[in-house]
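*Asks:* As a plain string of letters, each chain reads:
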Amino acid sequence: MRVFVEGVGLLGPGLDGWQASRALLAGTAAYAATPTVVTASDLLPAAERRRTGLPVKLALAAGCAAFIHAGRDAATTATVFTSSSGDGETLHQICATLASPEREISPTRFHNSVHNAPAGYWSIATRSHAPSSSLCCHDASFAAGLLDAAAQVAVDGKAVALIAYDQPYPEPLHAVRPISASFGMTLVMAPQATEHVFATLDISFVPEKASATRMTDSGLDALRAAVPVARCLPLLAALARGASAVVVLAYGEKNHLRVAVAPWQ
Amino acid sequence: MQPLAINHFSIVNSLGAGARSVASALRARRSGLTACDFESVVLDTWIGQVAELDEVRVRSDLDAYDCRNNRLAQLGLELDGYAAAVSAAREKYGAQRIGVFMGTSTSGILQTELAYRRRDPHSGALPADYRYAETQNTFSLADFVQRYLGLTGPAFVVSSACSSSAKVFGHAARMMAAGVCDAAVVGGVDSLCLTTLYGFNSLGLTSRAPCRPYDMERDGISIGEGAGFALLEKTLAQPADRAMLLLGVGESCDAYHMSTPHPEGLGAKLAMQHALDAAGLAPADIDYINLHGTATKANDASEDKAVCELFGAATPSSSTKGATGHLLGAAGITEAIISMLAIEQGVLPGGMHTENIDPALHSNYLRENRDARVKRVLSNSFGFGGSNCSLVLGAGG
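Chains A and B supply the protein sequences, listed in that same order.
Here the first sequence stands for residues 1 to 265, numbered as in the working numbering.
Here the second sequence stands for residues 266 to 662, numbered as in the working numbering.
Simulated from the structure, these hints should not be mistaken for lab results.
Don't be surprised by glycine CBs; every beta carbon is placed ideally from N, CA and C.
The reader is advised that the hints may include incorrect statements.
Unchecked claim - Below, a list of computed lysine-lysine pairs in the DSBU-like style, where the Cα atoms sit at most 35 Å apart:
#1 B:K640 with A:K158
#2 B:K499 with A:K209
#3 B:K562 with B:K640
#4 B:K357 with B:K499
#5 B:K499 with B:K640
#6 B:K357 with A:K158
#7 B:K357 with B:K640
#8 A:K209 with A:K158
#9 A:K254 with B:K499
#10 A:K209 with B:K357
#11 A:K254 with B:K357
#12 A:K254 with A:K209
#13 B:K499 with A:K158
#14 A:K158 with A:K254
What the hints assert, rightly or not - Derived coverage of chain A by chain B (criterion: at least 3 residues anywhere in the stretch with Cβ under 8 Å from a Cβ of chain B; other residues may be distant):
#15 97 to 110
#16 114 to 128
Use the sequences and the hints to build the structure in full.
*Replies:* As structure tokens, this is what we get:
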């Protein structure tokens, strides 16, 4: 499946936006892990903004930046959201409340607990009625989202934005599922070349185990290993270098995605 | 879209275990709802509980996955000859060529709720026997189903609240059209837990009586649990007479509110229109609409507007949630299967518990079963976050 990349959004530890991160990802500047800077999107009304959790902020920030980069209208573009962990803070609060004698969950917290909360807030923020889905595939959540979004681009012949995010769990869940940092990224992909396209991806699902492509920089590779959706980093590095490359993304124990990245024009 | 064949499906919920039990309960107008006595829950509400679940333990090689949700999945997989049909498909296509796309809203969250009660009083640590990846993680369901069936192709969970297991049909259709797989195990499982019972209660959305969709006095949902699975395969050039087909999938977002549907039913209407467009059908081609019909004030009013605008007030419709309860992430697959049973048996299931249809609602809402030749059905599933999905199912020939 071939898709045309129009825009990228990125925020993570020491990765403050796609443009600011390109040299770090390409290996031409030194990477240093500093805490992820997430600002609340001004697309949401103030009342809604106060009610949202970090995953919504991550998704909106990465998504908005990618759509600006892509020069595409978010209101008419389908989306695929993917996350391994969803809103871990909300899960913790709910489970802690339910284990207490009171058991009174806040209604806002409950509706924010659904895995598709970022997708819901995104559609409200961008006034988009376009189809949207929300996926989870544990450690392979990025690969699953990429495959699904690419299939949608190829089959429906329409642009799709893949929005991936993960948030660390608080304790005690962190001990059983350590995720080291907050991370959000977006790829806006089109079915054909447009003036904003800067790379193509040829994506195939390969039913064989393979070693995933790693990051050269040890700090970035540690991030790749420690945040499920940061498994996208080798793909972003190939896009940042702007040269042809093949990236292998693990998809479960028995499969992988082979992504051939090529610059466009 | 290219129609896909559904030659095998299985179903379990509070109406019974297996298609025959569910169909006969619907025919006899027997509801599965009972006053809530789940776990330690103290709420004045009704639930649809799967009685057979108490006997189930997950297969020993998958012991790590043992939790209420995966037990319910296993129970469903073993019904209606489903696991055997998938086994035959595995021989035919190869394990790596069959995708697994599952819908769930809360996966095995009950396991985490219970583990939080057993946190170490000093360190706060979760008990050593708690298995995060195999039970709590949203992917746990698809992981379990894939391993249980011995499949190795692409797999993921769709978790978009109450539209989850309707949307899996769209994902599977795209994956098959893109050539990533030749067949797909689709379905959904959601099981009772404290999060949804107390959560919907906090929103004032749980009924104190068995839920009454489209009734004047409707006051909220009854939460249920259940599992459903279907096997999607490519169709022959000429599908056999009465072969069951997925004809269309339509998806949309409300872009309105996280937990309240669009008051004019805008997103619902878009999803239904997209599903008809994908099927290449007109509203008049639909013989019955299985409504989302949750029995909240807002859902039924919004859905009714959307249905009436698109279909007019003649198309027979009903919600089967009075019988099953609202199965949340498993509602889409459950109602898709109930729709296929209506086609197979030529009976439109009348809604239960509804005594006086709200005069503000104008759909042709069935309160009694009706014998009818049913060729094509539209099934609606709408969820939190304004996530909407409609399916068109039909018989070939």
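*Asks:* Each hint needs a verdict: does it hold in this structure or not?
*Replies:* Here's how the hints hold up against the structure:
1. B:K640 with A:K158: With Cα atoms ~31 Å apart, K640 of chain B and K158 of chain A stay inside 35 Å; holds.
2. B:K499 with A:K209: Holds: K499 of chain B and K209 of chain A sit about 27 Å apart, inside 35 Å.
3. B:K562 with B:K640: 31 Å, holds
4. B:K357 with B:K499: Given that 35 Å is the threshold and the Cα spacing comes to 13 Å, the pair holds.
5. B:K499 with B:K640: With a Cα-Cα distance of about 20 Å, the restraint between K499 of chain B and K640 of chain B holds, given a limit of 35 Å.
6. B:K357 with A:K158: Judged against 35 Å, a Cα distance of about 33 Å means the pair holds.
7. B:K357 with B:K640: Between K357 of chain B and K640 of chain B the Cα gap is close to 29 Å, so the pair holds against 35 Å.
8. A:K209 with A:K158: 31 Å, holds
9. A:K254 with B:K499: 25 Å, holds
10. A:K209 with B:K357: At roughly 22 Å apart (the allowed maximum being 35 Å), K357 of chain B and K209 of chain A satisfy the hint.
11. A:K254 with B:K357: 20 Å, holds
12. A:K254 with A:K209: Holds. K254 of chain A to K209 of chain A sits at ~5 Å (cutoff 35 Å).
13. B:K499 with A:K158: Given pair K499 of chain B, K158 of chain A holds - Cα atoms ~23 Å apart, limit 35 Å.
14. A:K158 with A:K254: Holds - the C-alpha atoms of K254 of chain A and K158 of chain A are around 30 Å apart, at most 35 Å.
15. 97 to 110: Check passed, 8 qualifying residues.
16. 114 to 128: Held - the segment 114 to 128 of chain A has 12 residues with a Cβ nearer than 8 Å to chain B, which meets the minimum of three.
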